[in-house]
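There are 2 protein chains.
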Amino acid sequence: MSEPNYSRRDFLESIGHLAGGSAVYRAALALGLTGATTACGSSSASDNNATGAAAAATPNTNAPASGPFVSPVDWPPGVGTGKSVTILGAGIAGMTTAYEMNSLGYTCTLLEATTKAGGRCQTIRAGDVIEETDSTQVCNFDADDSLYFNPGPARISHHHVNLLRYCRNFNVSLEPFINDNRAALLHQTNAFDGAPQTARQVKADLRGYIAALLTDAANSGALDAQLSTEDRENLTAMLKEFGALDAAGNYSGSSRNGFIESPDQEPNRQTIVPALSLSAILSSDYWRFQTTFAEEINQQASMLQPVGGMDRIAAAFEQRVQDLIHYSSIVSAIRKTDNGVRIEYLDGAGNSSSIESDYCVCTIPATVLANIAADFSADHQQAIDNFVYTKATKMAFQSRRFWEQDHNIYGGISWTDQGITQIWYPNNDFGSQQGIVVGAYTYSNSAGQRFADMNPTARLETATTEGTQMHQEYGDEVTQGISVSWPKIPYQKGAWGASDPGVLITADGNIYFAGEHLSILQGWQEGAILSAYHAINGIVGIDNG
Amino acid sequence: MSEPNYSRRDFLESIGHLAGGSAVYRAALALGLTGATTACGSSSASDNNATGAAAAATPNTNAPASGPFVSPVDWPPGVGTGKSVTILGAGIAGMTTAYEMNSLGYTCTLLEATTKAGGRCQTIRAGDVIEETDSTQVCNFDADDSLYFNPGPARISHHHVNLLRYCRNFNVSLEPFINDNRAALLHQTNAFDGAPQTARQVKADLRGYIAALLTDAANSGALDAQLSTEDRENLTAMLKEFGALDAAGNYSGSSRNGFIESPDQEPNRQTIVPALSLSAILSSDYWRFQTTFAEEINQQASMLQPVGGMDRIAAAFEQRVQDLIHYSSIVSAIRKTDNGVRIEYLDGAGNSSSIESDYCVCTIPATVLANIAADFSADHQQAIDNFVYTKATKMAFQSRRFWEQDHNIYGGISWTDQGITQIWYPNNDFGSQQGIVVGAYTYSNSAGQRFADMNPTARLETATTEGTQMHQEYGDEVTQGISVSWPKIPYQKGAWGASDPGVLITADGNIYFAGEHLSILQGWQEGAILSAYHAINGIVGIDNG
Numbered sequence: 001m002s003e004p005n006y007s008r009r010d011f012l013e014s015i016g017h018l019a020g021g022s023a024v025y026r027a028a029l030a031l032g033l034t035g036a037t038t039a040c041g042s043s044s045a046s047d048n049n050a051t052g053a054a055a056a057a058t059p060n061t062n063a064p065a066s067g068p069f070v071s072p073v074d075w076p077p078g079v080g081t082g083k084s085v086t087i088l089g090a091g092i093a094g095m096t097t098a099y100e101m102n103s104l105g106y107t108c109t110l111l112e113a114t115t116k117a118g119g120r121c122q123t124i125r126a127g128d129v130i131e132e133t134d135s136t137q138v139c140n141f142d143a144d145d146s147l148y149f150n151p152g153p154a155r156i157s158h159h160h161v162n163l164l165r166y167c168r169n170f171n172v173s174l175e176p177f178i179n180d181n182r183a184a185l186l187h188q189t190n191a192f193d194g195a196p197q198t199a200r201q202v203k204a205d206l207r208g209y210i211a212a213l214l215t216d217a218a219n220s221g222a223l224d225a226q227l228s229t230e231d232r233e234n235l236t237a238m239l240k241e242f243g244a245l246d247a248a249g250n251y252s253g254s255s256r257n258g259f260i261e262s263p264d265q266e267p268n269r270q271t272i273v274p275a276l277s278l279s280a281i282l283s284s285d286y287w288r289f290q291t292t293f294a295e296e297i298n299q300q301a302s303m304l305q306p307v308g309g310m311d312r313i314a315a316a317f318e319q320r321v322q323d324l325i326h327y328s329s330i331v332s333a334i335r336k337t338d339n340g341v342r343i344e345y346l347d348g349a350g351n352s353s354s355i356e357s358d359y360c361v362c363t364i365p366a367t368v369l370a371n372i373a374a375d376f377s378a379d380h381q382q383a384i385d386n387f388v389y390t391k392a393t394k395m396a397f398q399s400r401r402f403w404e405q406d407h408n409i410y411g412g413i414s415w416t417d418q419g420i421t422q423i424w425y426p427n428n429d430f431g432s433q434q435g436i437v438v439g440a441y442t443y444s445n446s447a448g449q450r451f452a453d454m455n456p457t458a459r460l461e462t463a464t465t466e467g468t469q470m471h472q473e474y475g476d477e478v479t480q481g482i483s484v485s486w487p488k489i490p491y492q493k494g495a496w497g498a499s500d501p502g503v504l505i506t507a508d509g510n511i512y513f514a515g516e517h518l519s520i521l522q523g524w525q526e527g528a529i530l531s532a533y534h535a536i537n538g539i540v541g542i543d544n545g
Numbered sequence: 001m002s003e004p005n006y007s008r009r010d011f012l013e014s015i016g017h018l019a020g021g022s023a024v025y026r027a028a029l030a031l032g033l034t035g036a037t038t039a040c041g042s043s044s045a046s047d048n049n050a051t052g053a054a055a056a057a058t059p060n061t062n063a064p065a066s067g068p069f070v071s072p073v074d075w076p077p078g079v080g081t082g083k084s085v086t087i088l089g090a091g092i093a094g095m096t097t098a099y100e101m102n103s104l105g106y107t108c109t110l111l112e113a114t115t116k117a118g119g120r121c122q123t124i125r126a127g128d129v130i131e132e133t134d135s136t137q138v139c140n141f142d143a144d145d146s147l148y149f150n151p152g153p154a155r156i157s158h159h160h161v162n163l164l165r166y167c168r169n170f171n172v173s174l175e176p177f178i179n180d181n182r183a184a185l186l187h188q189t190n191a192f193d194g195a196p197q198t199a200r201q202v203k204a205d206l207r208g209y210i211a212a213l214l215t216d217a218a219n220s221g222a223l224d225a226q227l228s229t230e231d232r233e234n235l236t237a238m239l240k241e242f243g244a245l246d247a248a249g250n251y252s253g254s255s256r257n258g259f260i261e262s263p264d265q266e267p268n269r270q271t272i273v274p275a276l277s278l279s280a281i282l283s284s285d286y287w288r289f290q291t292t293f294a295e296e297i298n299q300q301a302s303m304l305q306p307v308g309g310m311d312r313i314a315a316a317f318e319q320r321v322q323d324l325i326h327y328s329s330i331v332s333a334i335r336k337t338d339n340g341v342r343i344e345y346l347d348g349a350g351n352s353s354s355i356e357s358d359y360c361v362c363t364i365p366a367t368v369l370a371n372i373a374a375d376f377s378a379d380h381q382q383a384i385d386n387f388v389y390t391k392a393t394k395m396a397f398q399s400r401r402f403w404e405q406d407h408n409i410y411g412g413i414s415w416t417d418q419g420i421t422q423i424w425y426p427n428n429d430f431g432s433q434q435g436i437v438v439g440a441y442t443y444s445n446s447a448g449q450r451f452a453d454m455n456p457t458a459r460l461e462t463a464t465t466e467g468t469q470m471h472q473e474y475g476d477e478v479t480q481g482i483s484v485s486w487p488k489i490p491y492q493k494g495a496w497g498a499s500d501p502g503v504l505i506t507a508d509g510n511i512y513f514a515g516e517h518l519s520i521l522q523g524w525q526e527g528a529i530l531s532a533y534h535a536i537n538g539i540v541g542i543d544n545g
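Those sequence lines, one after another, are chains A and B.
Residue numbers are given in this note's numbering: position 496 of the first sequence equals residue 496, and the series is strictly consecutive.
Residue numbers are given in this note's numbering: position 52 of the second sequence equals residue 52, and the series is strictly consecutive.
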């Protein structure tokens, strides 16, 4: 498969061509090039950098905290009266579209292929059934509110403001999700003889060695051309703090690494774990991603999760659009008509049916949409056919919380270069006896394909074997495993979009497209919402003249 | 006041002199020089550093996860039968002592000066009364489980294993406490014209500039004497990730800083907030502590808090030792007798009373104990008289959660060089409308004394004025304030011990001392527990022969 050639610039320009210059701005708004954007930055940061213009004392508090974001509620009430829209797919994008367009007066019909709303926003609990294209699993976790598994989205960035606003307005309680736990492990089969190292150790050593090397360079005059004497003195003082250096500016480990414990040795809280060698760390993969992951803008603390499971969000949307949803309605064709669209589908009773409306907002994943008959333009059809999805698989097990009780790991993520890639410890109900550990979260195409190709039993065996390389208890203690391989989930056929949205962010006649894959936050629920806003604003912009 | 001259080495040696060599080991155990120690480190980290001996594939999983820790339950059952102990103070140290010694068969009496157990482990809710030596406040938060304020200890390190074991065994639910929130603010009156910067920005810029400078040094040959060619190449590759450098190894900001938003400008999620100037950051105080705080061993993620308030821990202990506690019992004298101790006190009815027992474990804070008549040795009395306590004050307000709704700050801490020092955002019940913000947490002696000297109204006014420098909403939105100044709280007279424990970790006759101030984790509840174990093990070691 080749990826479309639409660049981000093409994409903005294409909107400009479609509906005039102001549409660029509105589309930018809709796609989160503003409101959510705002959330990440601080206007003061740009206004007040020392090289910039003089700034007021507290300018960031004068700027609108959430910027000039235009959401669908800013359109005139009743703008959609007398108009109809058929929305395909009751995931977050589809339900957002239905919720907002219904509020604007549109007659909304939401067709959902499965028996439940939410799309990939799911939570699996005792008794839930996982149907893949060639297997069926039943979740045999114990029945307990604390024992759940989010196989799709599982965390929310604190600056994904639209999703967070819905959570607040819909009374979905949130709690912290931990990405960066210093007690978690980093593991690489060929590093340190396969012995996992604590994140605490590797992160502290990296900071320490970097600070010590730069201190050396500063003291040897290597930075004199770049730094004033005052800056250099401040720099070396700062580096002592940054890296926990000794008085001479050298690094040999610090209490940030933790304290020694060895059965052979008189225990002593004063003796710190010695530093790993810089060379050994550098020749490992630890630093390639694992130690910077939580620095990335969408993964920075605070990360959040709904209390009780991610599907609390889906349920909150569903509660508000339930009357608009036709469940078990499988779209068979998407047709253009003279005045709008006609959607042909099999209804819940297996009968052929169809619905005509002025507009369609199609949130069906491209992987699935590619196999549905449609009157799409050649460009749109080609983009759909070529759209690449990530092949993620997640697995989960129930277990005694040995990670808490024996290793002081409360939430967070351990990393490995094995196929399972990550182990996630539950962030909820710390201290209880049983917990759900995510035993694999693969997202590379090779590992994803490998796990997708296995039957569920083989997947769990592999995850157990690989997990045991990181936690000896694994093989004995984790049980009741379950897996979700998104490439094999009907009506999803992939985890999240990985191609450039390209032409699909433009309407094809009266057919609009939405879904996380068509946003600048692919793979995130905020992206699904932003894409819905883009579609809504495209339609309402026409109806509003 | 001068601090005692006892060093850590003196302290271990003094125990050795007291009770023979093995006591050093046992005392080390009791003071957490092992079990809790273990928790921080990874045995594999020391076994497997590249300069060390060859290591087994996963040696850290073969070592006991929690090490050779000896807790009071390891003593023979019934070892205390027929022996009695009077415990002074029903805080965490005193209740731990009562709980464990009662289990070992000792007849325990616990005298508590106030009407409730917990000591500084408190949670303040609607209607609670704060009595200071010269003021009375009533908490007028709205009555709601989510609206509480922990004026004393407010977080638990994930490797404070003894406290965590009690929480687990006593069914105290825990949830994450966030120290490091990248959306929180750093503020210094004289930096950046007083404009707060996001933690996200400062942390990303520091990493970026450090990485770029070291890349330059590496490329200019300045590190050739220290690094092999391979290491140097790995180093520069690592630094790109570490600092989010561009392909040429330069730093000019990255998406880790967030995206620009300005009312005057077409919003664009592609344009990152520009980097602050290195010189400006270096001349600020931001890097002195604020950006490394969460790297410290006792502050590293995951940090935890009890669901519903810290006093859930006190309540769980109290529930188990309630029958042993005499409330409103104010100790007036601590006397040595021929065979043990006699404690004189005013009972709840105001009558003089006394109790004789074989042992005393005194957990009364040194600040208070200094004013109680006692038969202490001259060395012990001098150590008590000279013991320095931190003068912390905390304040809290109820408010609309503007920090969440308008600034995407979910939990965590903002810092300022003003007296209030820190603002803590609640880590619980994200998304609800009202929250309790900790509007000041001072712990420097100067700021602590300044706030202690103010009346409660003046404190709150000052906190509001200072807080407004960081959040414009502050002055309008925070209400229902309350303050706790520990130097003025009766029977506490200070926040936590800051002197070396010195001679006070040795018994004075049959009088033993405990409390957080006599541990290697001063100011932490885990320290209170470790000090209790030290006292218990000292007594039981004698009774066990």
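I should point out that these hints are in silico values taken from the structure, not numbers from a laboratory.
All figures in this text were calculated on a predicted structure; none of them were measured in a lab.
It is possible that part of the hints are untrue.
Copies of one chain are not kept apart here, so a pair can be met inside one copy or by any two copies together.
[Claimed, not checked] Derived lysine to any residue pairs resembling SDA-like cross-links, with alpha carbons at most 20 Å apart:
hint, residue 1, residue 2
1, Lys240, Phe293
2, Lys240, Ala280
3, Lys116, Lys240
4, Lys336, Ala370
Against the structure, the hints come out as follows:
1. Lys240 x Phe293: Answer is between: at 13 Å across copies they meet the 20 Å cutoff, but 24 Å inside does not.
2. Lys240 x Ala280: between (23 Å within a copy, 18 Å between copies)
3. Lys116 x Lys240: neither (56 Å within a copy, 45 Å between copies)
4. Lys336 x Ala370: within (17 Å within a copy, 88 Å between copies)
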